[in-house]
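Chemist: Here are the chains, one letter per residue:
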Amino acid sequence: MAVITKKIQLNTKGDTDIIDITDRIQEELSKTALTSGITTVFVPGSTAGLTTVEYEPGLIADLRTYLEKIAPKSGAYQHNLRWHDGNGYAHIRASLLGPSISVPFIKGRLHLGTWQQVIFIDFDNRPRSRELLVQIIGE
Amino acid sequence: MAVITKKIQLNTKGDTDIIDITDRIQEELSKTALTSGITTVFVPGSTAGLTTVEYEPGLIADLRTYLEKIAPKSGAYQHNLRWHDGNGYAHIRASLLGPSISVPFIKGRLHLGTWQQVIFIDFDNRPRSRELLVQIIGE
Amino acid sequence: MAVITKKIQLNTKGDTDIIDITDRIQEELSKTALTSGITTVFVPGSTAGLTTVEYEPGLIADLRTYLEKIAPKSGAYQHNLRWHDGNGYAHIRASLLGPSISVPFIKGRLHLGTWQQVIFIDFDNRPRSRELLVQIIGE
Chain A
3 MAVITKKIQL NTKGDTDIID ITDRIQEELS KTALTSGITT VFVPGSTAGL
53 TTVEYEPGLI ADLRTYLEKI APKSGAYQHN LRWHDGNGYA HIRASLLGPS
103 ISVPFIKGRL HLGTWQQVIF IDFDNRPRSR ELLVQIIGE
Chain B
3 MAVITKKIQL NTKGDTDIID ITDRIQEELS KTALTSGITT VFVPGSTAGL
53 TTVEYEPGLI ADLRTYLEKI APKSGAYQHN LRWHDGNGYA HIRASLLGPS
103 ISVPFIKGRL HLGTWQQVIF IDFDNRPRSR ELLVQIIGE
Chain C
3 MAVITKKIQL NTKGDTDIID ITDRIQEELS KTALTSGITT VFVPGSTAGL
53 TTVEYEPGLI ADLRTYLEKI APKSGAYQHN LRWHDGNGYA HIRASLLGPS
103 ISVPFIKGRL HLGTWQQVIF IDFDNRPRSR ELLVQIIGE
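Residue numbers (the numbering used here), protein chains in the order written: chain A, 3 to 141; chain B, 3 to 141; chain C, 3 to 141.
I should point out that these hints are in silico values taken from the structure, not numbers from a laboratory.
Relax, there's no trap hidden among the hints.
Which copy? The list can't say, so a pair holds if one copy fits it or any two copies do.
Restricting the straight-line Cα-Cα distance to at most 20 Å, the calculated cross-link-like pairs of lysine to aspartate or glutamate (EDC-like) are:
no., residue 1, residue 2
1, Lys33, Glu133
2, Lys109, Glu133
3, Lys8, Asp25
4, Lys8, Glu141
These numbers come from a predicted model, not from an experiment.
So that you can see chain A by itself, here it is in the shape it has in the complex (with noise of 0.2 Å):
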């Protein structure tokens, strides 16, 4: 058993930008000599966050959509009116979401769906320099 940490560094375009990190963690996870456990993926931030889907662009516009239904940009915030940064639905919607996913692996691979990718979502109004924390325990 073992510990093993890896990054991956993103530029995003932020507003909401959806990205499919799967090959990016599969890759990490290949680095080692692992092949069974558990990778977190984690994002260190309060604006963006993680989970799976089918990548395809239909749905991720209706992430988009719903999620704009859910905390709208231009809804009200007290966080606004306080810092004046307009990013107010970017941190509630990564509260939502949350900022980490587990995905188990087996022989060496992320055990995800067919149809299934593990994306990172920046929310923040503005584009970002991103550095996930890839936690990877297993023998």
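Assemble chains B and C onto chain A, guided by the hints.
Modeler: Showing chains B and C alone in chain A's frame:
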């Protein structure tokens, strides 16, 4: 320390079918000799999710009602226009809820509340056969 | 590699009480000799949840506002009709947010963003005593 992989087979009715899988997870955990650690349950697939709830008929109905408000079955989805399978709502609910849950265990037992059950929700718009992964890490 | 179990005791005001528990988790982590791994915090109970947020008064107010939109306290709940305890909204919010969070640590420190805190939210409609489990896996 060890990683032990187990699987749970489920036949669901689809259409936001909410299934209590607590005993199934505990059963797989009890087959191992592990006494302390983390159990990560993961669904390979993009139209289902996992969380916990007090499993009683009132809340099962309520959970369906409020998920329907968040992403209505009859809502507009680009996914449906492209693929004509009518399950756009299922994908969006699944992405929002997330495909995994991690439950700690102590002395060989899942550390849940008395009125807290682990549920698998199949959002897809037809019956499905599902295979959940139970990745157990501990000692 | 080892698993170490810690607990955090909290007295909450209920009614979507949002509590910053970052220092409490770090304190438990620092009591161990582990330097790298995953910290999984879990609430045994079905009316509370965990996530991260930039912990400042504006966002705390906003998070309460948008959770109220998703599952209003005065909404219709079958749970309330059956059990007459009036906390149906608390159960639904808890199921949607989820009962756990996994935060990686490196060099003995939780790997959070500068403006990112781990929060425990007690949705129940009365003050509660809570005991969170902190399951630390690492080396």
